[in-house]
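Engineer: Spelled out, the chains give:
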Amino acid sequence: MSKFISKKDLNSWLNKVREGRRLIAPTKVEDLVLFKEISRVEDIASDYVNTDLSPKEFLFPPTEVLFSIEKKDGGVDLTPARVEKETVIFGMRPCDAKGIIALDKPFLEEPADPLYKEHRDKTILVGVACLKACPECFCSSMGGGPDDPAGLDIMLTEVKDGYLVQVLTEKGKALMPDSMLSESREAKPKAAEVSKVPAEGINKKLRQNFEDPYWGRLADRCIHCNMCSYVCPTCYCFDIRDYPNKGKTDRVRSWESCQSAGFTKIAGGYDPRANKGIRMRQRFAHKLLYFPEQFGVSHCIGCGRCVKSCPVNIDIREIISDVQKLGAKGE
Amino acid sequence: MSNNKNPLLPHLATLQNVIDLTPDVRLFQIDLNDADFKAKFDYKPGQFVFVSAFGTGESPFGLTSVAHRKGPIEVAVRKVGTVTSSLHDLEPGAAVGVRGPFGNFFPMDQFKGKNIHIIGGGIGFAPLRPIILTILDHRNEYGDLFILNGARTPSDLVFANEFDTWASAPKTRLELTVDAKDDKWTGRVALIPAVVKELQLSPANSVAIICGPPIMIKFTLTELKKLGFADEQIVTTLEGKMKCGLGKCARCNVGDKYVCKDGPVFTFKQISGLLEQF
Amino acid sequence: MAVEFQPRIVGFLCNWCSYAGADMAGTSRITYPTNIRIIRVPCSGRVDPLLIVKSFQMGADGVLIAGCHPGDCHYTEGNYYARRRFALLRPFLEYLGIESGRFRVEWVSASEGKKWSQVVTSFTDEVTKLGPRKALVPEATR
Amino acid sequence: MSETEQIRSKAKELLDAKKVDCVIGYERATDGKNARPMFAYNVKDADRLIFDQTCRHNLVRYLLNRKDKVTGIVVKPCDSRAINLLINEHQIARDKVVIIGVVCPGLVKTDWNKAGDKLRDACQLCQQRTPVVYDVLIGEPKKVEPPADAYPDVTGMEGKSVEEKRAFWEKEFSRCIRCYACRQACPGCYCSECFVDRLDPLWVGIRIAPGENEMWNTMRAFHLGGRCVSCYACELVCPVNIPLSLLNRKLEKETMKLFKFQPGLDPETPQPLATFQKDEKLGVAE
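Residue numbers (my numbering), protein chains in the order written: chain A, 1379 to 1709; chain B, 4 to 281; chain C, 81 to 222; chain D, 376 to 661.
Derived from the structure by calculation, the hints contain no laboratory data.
Idealized CB from N, CA, C, for every residue including glycine.
Each hint should be verified, as a subset may be incorrect.
Simulated restraints, written as ranges between beta carbons of each label pair [said to hold, decoys possible]:
1. B/Leu278 to A/Glu1496: 52 to 58 angstroms
2. C/Arg117 to D/Val511: 54 to 60 angstroms
3. C/Arg117 to A/Glu1671: 52 to 58 angstroms
Isolated chain A, as found in the complex (with noise of 0.2 angstroms):
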């Protein structure tokens, strides 16, 4: 027996969670689906597989105020920024709450980040199990899958004119309470069919071939810009500086990629990571061995975006088998 609820039920529950909230759902900007702050229930996208840009941006924020300083009185006061409003992510595929789990590791490790904690506290995740599965994803092969709700405060499953309903955490509850939900004797359908990709024993085969040219190879093709890490759901890396505003300083952070020239470079101009290939493999050691071994969780959770958006696609699938192969020389 599996809790039910009907397609005009979600949507009047969506009105009525949207007040003095804000309610982030998928929609369909240009030709592309974006989460969206959602003015209207009508505005939601139904007919997409997964998002071009992960919610990352509402947890972790492309630029955002961590404190703000005023000079007051010869002295200077910091008012660190608060998160005012609880946001609920509608909408969601189980493998971007899977990457919310791995961005919660480095944010949410003591000593945590106030900030990221205080907007993770006051975000209801409501996710919808996949159907169908885009071609280029994985989620199975990385510790995921298509109906794998850990990470949501809500799964819901489509089913004839409705959704089954798994209310998962205490925040799913106050915000969905059983009394809404009926009973269905509805079979659960088939979770998505996705391709496998041979991720087993990944970061030891990595640390053997570290310095195996096949970096430098594969570095020739990649144009270095900051797309991968911007649509990666678990990348989080960033750059802090001062602002201006209003008589005021915000000190704000704003997400930077590992693959942009001069990322490491320190006072006096010397960049150990200088050349394109070592940039390269930065990237793919820190997905695939260094956060798991630092935080025991793939770095990489098979949503396929940066396999979608690479200009010159470099597929991590394809990185993946060829390192896998490349293991043969090693010890």
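Got chain A sorted already, so can you dock chains B, C and D onto it with the hints?
Structural biologist: Same frame as chain A, now just chains B, C and D:
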């Protein structure tokens, strides 16, 4: 405002004094405003802090003072970028921010009883000064102290005002060298690796600590190896582009190690074992 | 009575001719509107388009560039390059939604104090008529 | 023999004779439908070279990283104009490049995992189906009648009111996530330090916000004024589909009107903003 909760929120501090060490390096003496944080603020040679120039940003600087002298926090800042330029514009009394102390530290207790060779190039000498001050304040616990301070020109030698005290300290030898002399300079004119070779430093019961531009470290390392210094006897402090200092933002990694948390102090045995060359 | 709109105008004046022309206007007691903030540059050829677009982005309602008459340039060809650069920039700014009336280039020699005052007066009137420019105030968060 | 076979045999010939260090061309991407850039260092690699209507990248950009080596390169007509631009700006030497020019069939609208068959609007307006410079030509030279209005989209945009233009660009630029793919894909964008990365003076700043996005997109386009060869590489890589060619081609149209110059036709003629005529009338301060 205690902010042990918010790792990116600096502690407010006041610039107590500014001393010009060279035309482009200034020694900043910083006094923490918050009394109990100041009391708890303990640090060891080799550790670093992020100093905020409010209005521009923040940058990591090696601490060049020693905690046990109970004085203000001291960092030597070379004017090279926007944050350092903003710091150079500050007058004593100005408000700054401090985060830290971060990173590991020189293993002073392992140095005990050994002959210590301090080799610093340019501003790279600043993070080594705390080792000298610690040794001089506990002189009998350490062996001979050899200090080699090199710079491009005589006026670029940092902490020149302390050379006399160091040179006259017991069992201590101070050597200075410059790449190019000016009209008043009568001392040595040679690159640091050449001086190391010329002085035939002995590796017996010794440790060598190098810091300076990467090119200087590279060639000094080869000279020291030729003199018989083993990799674990040579220690350095690495520099990396940093944003958090907490081993989280993955900005300063060299291979799978973070310069800010697993370093900045490494022995060359550790560095050669790193996955990625620095 | 609504506060009458006072445009903020940025003026880049070449040091050898126009800046001297503006001085001439001052010394001969010729008045002109004070909406213009004058920035002295070595030559009109030095004015980087970045300076102009940055001025508009930070809220300027009008940008005026004044240099020597072609042929009088202290550096011989600075204003020739400037003429081509701004001939291309003006339609581009218009295309982006910055009315071309907000961007003007004038040749004012050191002795044309009178002309300088007329230029500033007419430009200020024109920008006042166009009204405040809705600059994209840098929003901290998206 | 198809374009693919001709390119493969030419590449093998060059590689075999060690005339080039490598041949830059296209190979099939991992979605099995599109093309992607590829570097063939030996004869075996050359077997992966292909050419079809999805070969959208401008490969000339890669020559900037190989200035000291002799490199073979497959170019479409629009890409070939970029070679003239880089020679004119002393970035690459003509004798360091072996150019395999392809008479262009026009590219189709493609997207990840989708390769349509409808010609791209840009290619419908294209006035040059034969490369302007090549060592080897693949396909028969083709003359194309220039369309009545070569800039319909730009003219459409010019017709809008100031408020409409303002609103249009504000909406487009607000989507920009500042990934700089447009800059990295452009053959004309090779400054060692881009103005957007400068901290002193702080032209733009690290904030990804409407004000900074407008500054970035406006000035990136203007820095290509009189230089952009209309290869559409920037527009093709933008992840949020900002119509960048609409910006570049306005400058191209004005450059033609003011200076009778189209970038990239030959490597000698100096670019308009790098030269002048003493007594030309340009409607500036007249």
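Engineer: Next, verify each hint and record whether it holds.
Structural biologist: Evaluation of the provided hints:
| no. | hint | result |
| --- | --- | --- |
| 1 | B/Leu278 to A/Glu1496: 52 to 58 angstroms | violated (36 angstroms) |
| 2 | C/Arg117 to D/Val511: 54 to 60 angstroms | holds (59 angstroms) |
| 3 | C/Arg117 to A/Glu1671: 52 to 58 angstroms | holds (57 angstroms) |
Hint 1 from the earlier list is the only one contradicted by this structure; the remaining hints agree with it.
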